[in-house]
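Participant: If you want the building blocks of each chain, they are given just below.
Number of protein chains: 2
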Amino acid sequence: MEMKLPGQEGFEASSAPRNIPSGELDSNPDPGTGPSPDGPSDTESKELGVPKDPLLFIQLNELLGWPQALEWRETGSSSASLLLDMGEMPSITLSTHLHHRWVLFEEKLEVAAGRWSAPHVPTLALPSLQKLRSLLAEGLVLLDCPAQSLLELVEQVTRVESLSPELRGQLQALLLQRPQHYNQTTGTRPCWGSTHPRKASDNEEAPLREQCQNPLRQKLPPGAEAGTVLAGELGFLAQPLGAFVRLRNPVVLGSLTEVSLPSRFFCLLLGPCMLGKGYHEMGRAAAVLLSDPQFQWSVRRASNLHDLLAALDAFLEEVTVLPPGRWDPTARIPPPKCLPSQHKRLPSQQREIRGPAVPRLTSAEDRHRHGPHAHSPELQRTGRKVPWYPSDFLDALHLQCFSAVLYIYLATVTNAITFGGLLGDATDGAQGVLESFLGTAVAGAAFCLMAGQPLTILSSTGPVLVFERLLFSFSRDYSLDYLPFRLWVGIWVATFCLVLVATEASVLVRYFTRFTEEGFCALISLIFIYDAVGKMLNLTHTYPIQKPGSSAYGCLCQYPGPGGNESQWIRTRPKDRDDIVSMDLGLINASLLPPPECTRQGGHPRGPGCHTVPDIAFFSLLLFLTSFFFAMALKCVKTSRFFPSVVRKGLSDFSSVLAILLGCGLDAFLGLATPKLMVPREFKPTLPGRGWLVSPFGANPWWWSVAAALPALLLSILIFMDQQITAVILNRMEYRLQKGAGFHLDLFCVAVLMLLTSALGLPWYVSATVISLAHMDSLRRESRACAPGERPNFLGIREQRLTGLVVFILTGASIFLAPVLKFIPMPVLYGIFLYMGVAALSSIQFTNRVKLLLMPAKHQPDLLLLRHVPLTRVHLFTAIQLACLGLLWIIKSTPAAIIFPLMLLGLVGVRKALERVFSPQELLWLDELMPEEERSIPEKGLEPEHSFSGSDSEDSELMYQPKAPEINISVN
Amino acid sequence: MEMKLPGQEGFEASSAPRNIPSGELDSNPDPGTGPSPDGPSDTESKELGVPKDPLLFIQLNELLGWPQALEWRETGSSSASLLLDMGEMPSITLSTHLHHRWVLFEEKLEVAAGRWSAPHVPTLALPSLQKLRSLLAEGLVLLDCPAQSLLELVEQVTRVESLSPELRGQLQALLLQRPQHYNQTTGTRPCWGSTHPRKASDNEEAPLREQCQNPLRQKLPPGAEAGTVLAGELGFLAQPLGAFVRLRNPVVLGSLTEVSLPSRFFCLLLGPCMLGKGYHEMGRAAAVLLSDPQFQWSVRRASNLHDLLAALDAFLEEVTVLPPGRWDPTARIPPPKCLPSQHKRLPSQQREIRGPAVPRLTSAEDRHRHGPHAHSPELQRTGRKVPWYPSDFLDALHLQCFSAVLYIYLATVTNAITFGGLLGDATDGAQGVLESFLGTAVAGAAFCLMAGQPLTILSSTGPVLVFERLLFSFSRDYSLDYLPFRLWVGIWVATFCLVLVATEASVLVRYFTRFTEEGFCALISLIFIYDAVGKMLNLTHTYPIQKPGSSAYGCLCQYPGPGGNESQWIRTRPKDRDDIVSMDLGLINASLLPPPECTRQGGHPRGPGCHTVPDIAFFSLLLFLTSFFFAMALKCVKTSRFFPSVVRKGLSDFSSVLAILLGCGLDAFLGLATPKLMVPREFKPTLPGRGWLVSPFGANPWWWSVAAALPALLLSILIFMDQQITAVILNRMEYRLQKGAGFHLDLFCVAVLMLLTSALGLPWYVSATVISLAHMDSLRRESRACAPGERPNFLGIREQRLTGLVVFILTGASIFLAPVLKFIPMPVLYGIFLYMGVAALSSIQFTNRVKLLLMPAKHQPDLLLLRHVPLTRVHLFTAIQLACLGLLWIIKSTPAAIIFPLMLLGLVGVRKALERVFSPQELLWLDELMPEEERSIPEKGLEPEHSFSGSDSEDSELMYQPKAPEINISVN
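The listed protein sequences derive, respectively, from chains A and B.
According to numbering that gives the first Met the number 0, the first sequence is numbered sequentially starting from 0.
According to numbering that gives the first Met the number 0, the second sequence is numbered sequentially starting from 0.
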């Protein structure tokens, strides 16, 4: 039975049994050509791929009996009619409770536990949907109902033929009862017994305090509307009563909803008792329907019952069905990582409404469809950055930038300390911590002011460090004066880079596919790991372990005095003892003082054991392992369940800082003489006896300034690869940068800074991937209001120059931290270094493929890659990468090590040759395509199995995300 | 259109358009009262809760076009009729491919990757099910078709009115084509191009080699049948063709199925081209239907089309529906941990068939419903074990028992070494490793021969070790002769235990709820952890770390000789130096030899530094941490994805053995003088100068033998708790033990052995939970044949006495391992000890609740507990447990420590008092109920919110598993 009410305000009772379409009631006579639902302001509704409609909060209130009522509830309608005959109001024995709520996902009130369940994907039983459909088809449907209050609404929905006036009164009284909401703020269970029947005349429709204080309120965006479903069994009803109301103007219906929101939809599902939880399940079905974006869109524009049922049928067409024997219907499914795109579900006219705009692609689709093209537009255009310049400072006026500055400052300082310590080691003090701080500050600040992409953070990076170490050993082998030679290398590199800028060679970066990136990253990471472990083990040579049979035992303190001179030591050694170490003593003035004390008292420590410091080797190893594992563990805290997310994020973001602090604390606690970081006490170069400006020639013959062009060529390749690969990653489409990139400008800046730092004898700097990504990540703008179970929407990055600038000014000021830095033990830094190498290595897809080699096929994760490429081919690709890596490692270990940048470039050639071994489809999944291949695919056409299998269409678009390349070239 | 064929054999062609019910075709005229489907032999089908029907393997073959055919496929039926007019056989351009298969879950062939996907829960679109229903309703339904071969079958299904003879011939040729199966054994992609049309007369219906070699074949149980669904678009068909066939006798249909199995069902879904993948999805729907146990049951007994459609509708009634906007329909859902019980889905008549037997409960239900009752029957009956005695040896004749012996032997030996080392430490050598081996062997073997539950493994356990340590320090405080005093304690304990046996006091064990068990376990685990760390730190006192300012520096080797005597050392010390340590030397005959070497050469090491051994402290710490973390990591290997499951299980099962080996290897590699395990070289008691038999009085006054009754009372409580809690756990219903338990007999055995070991001065033994559980686990009987995605079914335990006996005989023989054992460093054993404590602590629910304290409510796991008890109440309960634990710890640290068993018993009282704080419902979820409470619940009635919320019925029964108590009293 369909019911329709005339549209005039203050209308009289009408029980017309037919649903007569009425233009007055329906403000959108044609749902197809109605007002464009596009609104440019709200990014969130755009995200869903449906036109901008207000977010809907839906709740299900259920009518439940009280113990007294339980009897007649169980004995069915006969007793109910008895109650009715007695003229008792059933309101005392019934109460409405909110049991379920929806925004995107379902939440259920765990009554006994007194809390809302975790949001989960709602599951329905098919019969409840079908019963709902028939109830609505026969029930009352009011579209654009003009009711202004709960009272009016209740009067309208109860005005049906089948109800006697007496029953109607009882029903109205019932519906006007104040429902019990669980009060989340106080955390107490509501007192279920305190329900008082509210009279129909009671005008307390003002929202209650707990409604306004509800924490969900803050999460919902402004303009959100509510939908209420009221379901339950009423014994006194003779036949089911279904009503669906769309209010013309959303009205706050008193305390009907948990959150004080204007209600748009109202659905009433009542009826006589039936077996099972029929009305409860029907109510859930109605709520799930309303929470479906597509159904919501349709029903907001529905003009009659037919439209409503058509929307329900369209919903049914698209549901996913799980078979009963293979799935437990009571299991709660957690919300998926990201929701399926709603775009393809839109009816055609709805899509047209959205106008001729380019259909929005999800970022996953972007990446998959565009692949290596993603950066093409940036590479072709020379960014005009001037118009953005003022906003680059104004945009930084946000609280978030303060925390970003703190975070990136600490990361930069840690980096400067670590790389400074290691550079000092690598170059015998030609550079050191002071140079590292100074260089980072100068180069970083200059870059932030000038560069095309000021979100980039310059830093010493692994590849450059490795090259510097090789360059230093090269110049030592040829007895060169290092810093002048290095200056010439810098001059040449700057020249080459400027040539690359002038020829717009950055476009070549397209040939660096993931194969090359991964080879690059894996080699550098392995060198990091190898060096960290090697340096640690070297400490055991400096501080040997004393084994029981060790010969390095014993030390005496000898005082110069009468009768004691050094020659006596040897003279008195008897020859009949085969112990070559022990010495007989013929001395009077000697003591067993420890060597430092001995020296202090004017003596000379003598003996084979004087230079051994016990316990240092193992304690260093402990420090090394502690800082490594502690940093690794802190990194994992981010994904643990413990602590609020702010704490977790803090712990994992500052993992290396905290690990260094722990190491220093342990070291200070035990007070052993571990090797410490060498920090100059004054503001002067670490290398004694040099000024700040490096002389161009020094002790080297003049022709070395020309010969320096050769290593400079290699370094240029390295710097180009390191800088541009990082730039490509930072300017990926998924970060939605608005102000454009500046590939050429950035390389120009790097070249100029190269010249400056070489002249001053400071380290060389290029863009550091990880720290720059961390910088961008700390400046993410996200939608704040989000529904339970929904992940916040990414809106973009605060693109500005100020945070970077402040970070580097602070870094410069930290030069005066020397009195603190000298307490940092070197083993701790080696541990952090190991951590960096391991973290970088584990972030690349290559590592995951190596892991696949160890996994039985049965236990392999369901990677998209494995769905499309045979396992043997995947293993072959991995094996080739491993072989390349092995070859690079061998070259690195020979005297020809300095040419390794050239070999890295050789990876591009290997990748090109792989086109003969693998099909383009396989390479598309295993790697990316090179420019030529991209063109070649349409010519060749798709391979038969690819077009025939139809399997691609069965893959979820959401699964394309794992293919997003993740690389960590510069290891932070 | 329903179709029916007459039932006579060798029938002629019949195209009767009506489905006339025929008694001859239908062997089960009444599906409700048909032959009882119960079969007692197969436990697996019982597991599913449905009557025993053969397992069904279902596959979907799809008809796919080839490139030539692609054109007309895309241009629709008009071109197809063109092809038809030309008289071309479409067989060249079409081929059948197997794309999906089902046993329990769906597997999809990843064509490009050439492998089967992981099994997943099948998801369907609702329209495809509805389309299938209408196609079957109008199609051909043959129930009990007598076809004997594929040829006959094809002839029958194509005999429909709508097909012209010419079309029929083409169709038959198509259907008789040999399909392409993916060959899993060779791992190669099938050569899709090599399909040859098979003539209808081709009699090659013998199974192909790859069909028989298919690895799936071995997994399917004997008697499995196949069902085949053939779906596809055929352009030359004018109207859809649907056929459903149930063969009277299952027949191997040539190479139609991937695995060579007799086919029972055959479903054909063909039709003209339509949009989308209509027939493919319909085919999947048909296959999913067939894989549903309930549908299968119905359709095996269906007598006509009406029954078939009714079964389909019943399926639709029970499907779970996921809304389209909130769930990505292409996501693959992994198989659930266990399948929902099918029992409640059985129609009533089917349930009646199953007879009046007690409805089978899942073990989860058992535990939930019975809770602490589960062990009641065992506790009331005195197990009569004699009838089982011969089978206790014969049942051991299985290969599995060999690996069980190896595994348990290694675990027992590790335990004996660890506890032996620690007992030696705790009792100053009154007991040691030798006693530990001997006692374990004697007591264990005797128990295995006599006990009621011979699967129990006796071992030194944590509680007894803790008590022994307290007893030793008590007897030292009172200057007692330890072993005689201990003998009297043992005599008294045995007496008390025998009294407990005689009074059948084991029934009291019901009062030990989880609260008590967890308090017990947590305290013991904490003591383990505290002791392990404490003993490790004690080593740094024995082997001090030399700090830079350390005074313990320097050591000289002094030779007795002319002019050198010891008094001179002091005499020549000058008084003007404030350094009290250093000594001026006036000696000639001295050297810097290391102390051991010095002693060997006849000298005397003199000086403050002679007793310090450098590097030992830190190296010990490294060994300690290494063995702890290595054992922890190996334990986690079990759940990793790497390596085949046999390797993973081996690594995690032998984690402590491997960790000990690693520690010994490291120690041997560096060759430092770490403290080693003390093992006697001969077969005599560790304590020098005592015989094997302990004298009853020794040096103690006589009245101590009476006073020993007091500590004995405490120890009796401890032994009773430890022994009986373990026994309850081992005899839980979920292990499905057939031969019954023997609570009283086991306690009797323990008492007798107590007497024996006390008299011989050997350690005391009770049942060890973890090692006994490991023993049972290694003797699990599981169903071997299992479908992809299904977990093996647990059938029971090989209950016998032989494995335990052999283990203890081997342990006894290991006494002669002393030359090997002396290489084990003590820090490694401390590390393993720490690992045991941490592992035991992390296995109890209490720990999980403590973790909840640190988790924000949002991130808490969806525990059933949290659904039913308010978080504040959960935290209150945890806090009370923590307070009890703190109190126990304080008592343990005071001189009154020895009374801690009494305090453990006090936990029962605290638990009783908690009844005033928590409601029985809350205690039911947080703990278990005590006997009185169980009775009280029906009296009080359920709480209102419990009966009203209806939330319980929404909880999955599968979720009740987390409530299964897991405790590790005796820590292995």
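Hints were generated in silico from the structure; no laboratory data involved.
The model shown is predicted, which means the values in this text are computed figures rather than measured ones.
Certain hints may be false.
What the hints assert, rightly or not - The list that follows gives simulated cross-link-like pairs (lysine to any residue, SDA-like), each with its CA atoms no further than 25 Å apart:
id: 1; chain 1: A; residue 1: LYS675; chain 2: B; residue 2: GLN859
id: 2; chain 1: A; residue 1: LYS107; chain 2: B; residue 2: GLN859
id: 3; chain 1: A; residue 1: LYS821; chain 2: A; residue 2: PRO386
id: 4; chain 1: B; residue 1: LYS857; chain 2: A; residue 2: PRO220
id: 5; chain 1: A; residue 1: LYS850; chain 2: B; residue 2: ILE332
As the list claims (entries may be wrong) - Here are the computed distance ranges between Cβ atoms for each label pair:
id: 6; chain 1: B; residue 1: ASN792; chain 2: A; residue 2: GLY795; range: 52 to 58 Å
id: 7; chain 1: B; residue 1: LYS648; chain 2: A; residue 2: ARG779; range: 29 to 35 Å
id: 8; chain 1: A; residue 1: TYR477; chain 2: B; residue 2: SER639; range: 47 to 53 Å
id: 9; chain 1: B; residue 1: SER639; chain 2: A; residue 2: ASN792; range: 33 to 39 Å
id: 10; chain 1: B; residue 1: HIS858; chain 2: A; residue 2: PRO261; range: 29 to 35 Å
id: 11; chain 1: A; residue 1: ALA895; chain 2: B; residue 2: HIS858; range: 24 to 30 Å
id: 12; chain 1: B; residue 1: GLU733; chain 2: A; residue 2: ASN792; range: 44 to 50 Å
id: 13; chain 1: A; residue 1: PRO860; chain 2: B; residue 2: HIS858; range: 21 to 27 Å
id: 14; chain 1: A; residue 1: LYS857; chain 2: B; residue 2: TYR388; range: 17 to 23 Å
Glycine included, each C-beta is placed from N, C-alpha and C at the ideal position.
Participant: Against this structure, judge whether each hint is valid.
Facilitator: For each hint, the structure was consulted:
1. A:LYS675 with B:GLN859: Outside the cut-off at roughly 43 Å; violated.
2. A:LYS107 with B:GLN859: Cα-Cα ~16 Å, so holds.
3. A:LYS821 with A:PRO386: 45 Å, violated
4. B:LYS857 with A:PRO220: 21 Å, holds
5. A:LYS850 with B:ILE332: Answer holds: LYS850 (chain A) to ILE332 (chain B) is near 24 Å, not above 25 Å.
6. B:ASN792 with A:GLY795: 52 to 58 Å: The hint (52 to 58 Å, Cβ to Cβ) holds, given that ASN792 (chain B) and GLY795 (chain A) are roughly 54 Å apart.
7. B:LYS648 with A:ARG779: 29 to 35 Å: 44 Å, violated
8. A:TYR477 with B:SER639: 47 to 53 Å: 50 Å, holds
9. B:SER639 with A:ASN792: 33 to 39 Å: 35 Å, holds
10. B:HIS858 with A:PRO261: 29 to 35 Å: 33 Å, holds
11. A:ALA895 with B:HIS858: 24 to 30 Å: Violated, at about 53 Å.
12. B:GLU733 with A:ASN792: 44 to 50 Å: At roughly 47 Å between Cβ atoms, ASN792 (chain A) and GLU733 (chain B) fall inside 44 to 50 Å, so the hint holds.
13. A:PRO860 with B:HIS858: 21 to 27 Å: For HIS858 (chain B) against PRO860 (chain A), whose Cβ atoms are near 23 Å apart, the range 21 to 27 Å holds.
14. A:LYS857 with B:TYR388: 17 to 23 Å: 42 Å, violated
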